[in-house]
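Colleague: Chain by chain, the residues:
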Amino acid sequence: MTTLHIINAAPTQTTQLSSCLRVLSAGDGIVFCGEAVQALRAGSLAAQQLQGIDHSCKVYALEEDVLARAIDAEALPVTLLDYPAFVALCVAYSRVSSWT
Amino acid sequence: MKFVINVLSSSNAPATRRALRFAQAVLAAGHEIVRVFFYQDGVLTASNNLVVAQDQQDIAKQWQAFITENKLDAVVCIAAALRRGVLDQAEAQRYQREAVNLADGYQLSGLGQLHDALQQADRCISFGGE
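As they're listed, the protein sequences go chains A and B. For the record, in the first sequence the residue sitting at position 60 is 60 according to my numbering, with numbers rising by one throughout. Remember, my numbering sits 1000 above the position in the second sequence when you count from 1.
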């Protein structure tokens, strides 16, 4: 059973990301939306942590939030999502965990 | 597939706009929304007293239009609503308040309605924070 984790807060504001990484299992996915996309900034501590996750785990981000913050998402292997793709992902993974 | 959408932030928060765009995409993809549950500051979206500046998006109004157009079951947590001054006719009478401000399309009820929706749905997606 794979889980899609949804994270919405910046890594400096909450422990969402570190808590999520503790329970992240092989095959899981993480969606970054809202201020959480700050975690994708090249060279940040959070981005370094993400580089260390299991290779079977995928990283996604809401494209509008990445563009609004001018984040260069090239540094990590990130798949950018529009809303239809976000919905499709929630269906594709067998569980969804919204971290709040 | 059946979805529950859980809205936890006020209508000013980007999370509540995100919840709306997500919910629109759920229906557009042919899925079903069993219930939209408004909880914590999310209950403020159901107030019809909100006045939004002309140069800003009125996300509460957009939520209401989406709910009524699609005849969605939109439940507002009654305890969270009362403490934030969102009242329907019955609660305004019960607590002797002058204002009734629960917007059309919403109903006040308890957390049990979230639990009930979770039993019916395949996925619950929560939108909180910023």
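One thing to keep in mind: the hints can contain errors.
[What the hints assert, rightly or not] Cβ-Cβ distance ranges computed for the label pairs, FRET-style: (1) B:D1122 x A:A70: 34 to 40 Å; (2) A:S25 x B:A1029: 31 to 37 Å; (3) B:E1130 x A:S94: 24 to 30 Å; (4) A:D72 x B:N1048: 38 to 44 Å; (5) B:N1048 x A:Q49: 43 to 49 Å; (6) B:A1092 x A:G43: 53 to 59 Å; (7) A:L67 x B:H1115: 46 to 52 Å; (8) B:G1030 x A:L45: 26 to 32 Å; (9) A:S25 x B:G1110: 30 to 36 Å.
[Unchecked claim] Covered stretches of chain B, going by a simulated chain A footprint (3 or more residues, C-beta under 8 Å): (10) 1006-1019; (11) 1024-1034; (12) 1114-1127.
Honestly, the hints are just simulated from the structure, not real lab data. Keep in mind that this is a model prediction, so the values were computed, not measured. Yeah, the Cβ is synthetic: ideal placement off N, Cα and C, and Gly gets one too.
Colleague: Taking the earlier hints as the rules, which of them does this structure contradict?
Modeller: 2, 7 and 8
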